[in-house]
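Q: Single-letter residue listing:
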Amino acid sequence: MIPELGHFLLWLALGVSAVLGTLPLVGAGRNRADWMALARPSAAILFALVALAFVCLALAFVGNDFSVLYVATNSNRSLPTHYRFAAVWGGHEGSMLLWTLMLAVWTVAVARFSAHLPDKVMARILAVMGWLSFGFLLFMLMTSNPFDRLVPTPANGRDLNPLLQDPGMVIHPPMLYMGYVGLSVAFSFAVAALIGGNLDATWARWTRPWTTAAWIFLTIGIALGSGWAYYELGWGGWWFWDPVENASFMPWLVATALIHSLAVTEKRNSFKSWTVLLAILAFSLSLLGTFLVRSGVLSSVHAFATDPRRGLFILAFLVIVIGASLALYAWRAPKVGIGARFALLSRETLLLGNNVLLVVACGAVLLGTLYPLALDALGMGKISVGPPYFDTVFVPLLTPLIFLMGIGPLARWKEAELPDLASRLKWAAGAAVVATLLTIWLRGGIGSVGVVGLLMAFWIVGSIATDLFERLRPVGGVRTGLLHRARLIPRSIAGMQLAHLGVAVFILGVTLVKTGEIERDVRMQPGDTTTIGDLVFTFSGVREVAGPNYRAMQGTISVTDKGRPVVTLHPEKRHYPATQSTMTEAAIEAGLTRDLYVSLGEPVDGGAWIVRVYVKPFVDWIWGGCLVMALGGLLAASDRRYRVKVRRTAEATTSVASAA
Amino acid sequence: MKRFWFLIPLAAFLALAVMLAVGLKLDPREVPSPLIDKPAPKFALQRLDDAARTIRLDDMRGKVWMLNVWASWCVACREEHPLLVEFAKKRVVPLYGLNYKDQREDAKGWLARFGNPYDASLFDDEGRVGIDFGVYGVPETFVIDQNGVIRLKHIGPLTPDVIATKIEPLLKKLDA
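From first to last, the protein sequence lines are chains A and B. Those letters in the first sequence? Residues 17 to 676, per the numbering used here, in order. Those letters in the second sequence? Residues 45 to 220, per the numbering used here, in order.
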């Protein structure tokens, strides 16, 4: 009965989303306050209905209701309860339900937290989000109903994909979806502004915190996915340029560009048509990512069970949503003014450079992801573009981007002067060179790419330090305390610099792990040892252990450093009988300066195993950097000017000088 | 002229959409199997229903036959199963099952419940023969000719369309 209720709730939600998508929009066009007033309650009802449907599905999972096909395919009696709950989004249908729920959450959040928006603007924004909900609900009900019944009812389910039976995997999809779907807010703001023709600095300020919020989720989601791949796949890699990873990385790149472009639009009223285009593109890429993952046009480790009807439906949805918004853009954007002028060297120019580089980087990823598909579509054979392509393309794009990242925050709006910038940044540049040389001296040769990486990371740190110094030093004879001056730094500035620092941490991690990692695949008998530098790894055999729904071969490897015991690691090879699959569970001793990574390969004759022994210096800095970026975003999004409820455009333009 | 520039994103997207639509028709999993037109790997396996009797590749020589890889734990197999039962009724060619990485009792129970379309099933509990055949997902279906050469491999559940457009024409050609 509960699954039928869930199914029915989805149909009701479809109806409500249709109301939300039409009446307020028409109302805004015809000045009907009563129609526009429908927007907020509809958003709340839509959220309640989808949330209840989600609860229905979760109940079916927790209660082992295998008469529901989706539950039978993705759960099992012996699956621990918390994974039974997480299994709700372990497959295609439930993922779509989670996606729709997230969209409803964002919709209701906009309705609740943007109460200061003019009624017409609000009505249009919520209507656009209503249409998106309508599309996804229709998709679910037509092709991917999670509540479909299975007759006859099997005694037990097929079990959740063991790859997903992991704490990281429990929170990775919700985070990522929050990010993907969160970009729909910026999209809806943009489309609403194009419809209403009120594209100005106020619009940018309304959009900024939402965009940053979505970006934070996206950043954390991607980092979680990468961390999961690192410890769960057993290869010790943290990014594979897999099509699905790329699908999440592309919106991230464009969202990052959008955040920067919105800053220009808010402060200087420039780049408006460009910013709107980025807002449309960021969400379009989220949708495109969904299409790539769900339709099965690309093969990937993430491939879901595919159904051609699903692909066709999403493609049609894609064409309608993206096509219509881009057509609207082509129609309305030419009327948007250019905004304030700026000099060749100014913060605007530097941010434009940032935008161009990020968008080109996104284009490069898109090309690498779709190129195999394009060749196949043209009948030129099947190929795959691997990491070599992406590595080759990314370093030359990233280097100028990082260089600009150091200068941009110190340059003045409108017009900056080269000698002034050069003299302010000379210490940062010098410090970067010295720090790089020092690191090379400490760690030994690291190759030319390594040198570039170190220079980039230390350059960012140097420029942030310069900015901080300039803001904190006493000026103009006014004697104030250091703490007081620190408090004067707006949160948006502190957040930006913190996020930039995160980039530096990330680059340091990538550079040091790429240049200093040691990977050994060795055949080990019980009692054998492997030596890496001062570290001695001793393999003392494998024993069988039982988990709740798996059996595992658990190895024991003790590690000593110059004779002192460091840690004993227990990598596992798990066998899940329900799905007949085997998983590698790496054992990792994580540390600030290096990870010790051990995983079991295959058993070979005579009790020996192929053992992978990796030493990964500074690898945790990669995810640490992402976390710092996300924290920076959080700090920036909490800036006080977004919390002040009613603001008029006039005030905004006068206050920019101080916040800039 | 200025308007023209604002149309570029739309045009680029539509071009992309056309490419995706074409791509949708293609199957990335349709990797040409290296086994096509090669002799089928040799095997000697117990019958599922009778551990005392063994079936070998050589027993099949001289006839066109089909091998369907299945398992009781495989949900997609259940999806294609009614189709196989229908197909077997036509008695076009002998249909053998390769019961892959399964438990004997589970597999027998499964056949008893959903019907047995197979002339016999080979019991491959360790999956060795499956590996020789390059199986990487269940179900898979092979067509093997009179000389023991693999002529077709289908990955994933069979559909009426696949049987009508790929398998039956091939069987006709092989004069089965």
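Since the hints were derived computationally from the structure, they do not count as laboratory data. It is possible that part of the hints are untrue.
[Stated by the list, open to error] Chain A side only, calculated, beta carbon under 10 Å to chain B, not exhaustive:
(1) ASN47
(2) TRP51
(3) GLY617
[What the hints assert, rightly or not] Some but not every residue of chain A turned toward chain B, in silico, with C-beta under 10 Å:
(4) LEU68
(5) SER83
(6) SER300
(7) TRP457
(8) THR595
(9) MET599
(10) ALA603
[Stated by the list, open to error] Far from chain B, some chain A residues (derived; all Cβ distances over 12 Å):
(11) ILE61
(12) LEU154
(13) ASN172
(14) ASP175
(15) PHE307
(16) ARG326
(17) ILE330
(18) ALA332
(19) SER362
(20) ALA451
(21) THR545
(22) ILE626
(23) TYR658
Ideal Cβ positions, reconstructed from N, Cα and C, are used throughout, including at glycine.
Q: Confirm or reject each hint.
A: Hints versus structure:
The interface hint given for A/ASN47 is violated, since its Cβ lies 29 Å from the closest Cβ of chain B, which is over the 10 Å cut-off. Given the 10 Å rule on beta carbons, the hint for A/TRP51 is violated: about 30 Å separates it from the nearest Cβ of chain B. Given the 10 Å rule on beta carbons, the hint for A/GLY617 is violated: about 17 Å separates it from the nearest Cβ of chain B. For A/LEU68, the suggested interface contact is broken, since its CB lies about 28 Å from the closest CB of chain B, more than 10 Å.
The beta carbon of A/SER83 comes no nearer than 14 Å to any beta carbon in chain B, farther than 10 Å, and the hint placing it at the interface is violated. Interface hint at A/SER300: satisfied, since its Cβ lies 7 Å from the closest Cβ of chain B, which is below the 10 Å cut-off. With 10 Å as the threshold, the beta carbon of A/TRP457 stays out of range of chain B, its nearest partner Cβ sitting at about 49 Å, so the hint is violated. Given hint, A/THR595 at the interface with chain B, holds; its Cβ is 7 Å from that chain's nearest Cβ, closer than 10 Å.
Residue-level restraint check for A/MET599 is violated (minimum Cβ-Cβ distance to chain B is 16 Å; threshold 10 Å). For A/ALA603, the interface hint is violated, the least distance from its beta-carbon to any beta-carbon of chain B being 27 Å, above 10 Å. Every Cβ of chain B is farther than 12 Å from the Cβ of A/ILE61; the closest lies at roughly 33 Å, confirming the non-interface assignment. Even its closest Cβ contact with chain B, about 19 Å, leaves A/LEU154 beyond 12 Å, as expected for a residue assigned away from the interface.
Once the 12 Å rule is applied to beta carbons, A/ASN172 is inconsistent with being away from chain B; the minimum gap is 10 Å. Taking the minimum C-beta to C-beta distance to chain B, about 9 Å, the non-interface status of A/ASP175 is violated against the 12 Å cut. At roughly 7 Å, the least C-beta separation between A/PHE307 and chain B is not larger than 12 Å, which violates its mark as non-interface. The Cβ of A/ARG326 sits about 10 Å from the closest Cβ of chain B, inside the 12 Å cut-off, so the non-interface label is violated.
The Cβ of A/ILE330 does not lie farther than 12 Å from every Cβ of chain B; its closest approach is about 9 Å, which violates its non-interface assignment. The Cβ of A/ALA332 does not lie farther than 12 Å from every Cβ of chain B; its closest approach is about 9 Å, which violates its non-interface assignment. Distance check for A/SER362 against chain B: the nearest CB is about 23 Å away, which clears 12 Å, and the non-interface claim stands. Under the 12 Å C-beta cut-off, the non-interface status given to A/ALA451 relative to chain B holds; the minimum distance is some 42 Å.
For A/THR545, the non-interface assignment is confirmed: its Cβ lies about 33 Å from the closest Cβ of chain B, beyond the 12 Å cut-off. With a least beta-carbon separation of about 18 Å from chain B, A/ILE626 lies farther than 12 Å from that chain, consistent with its non-interface assignment. With a minimum CB-CB distance of about 29 Å to chain B, A/TYR658 clears the 12 Å threshold, and the non-interface call stands.
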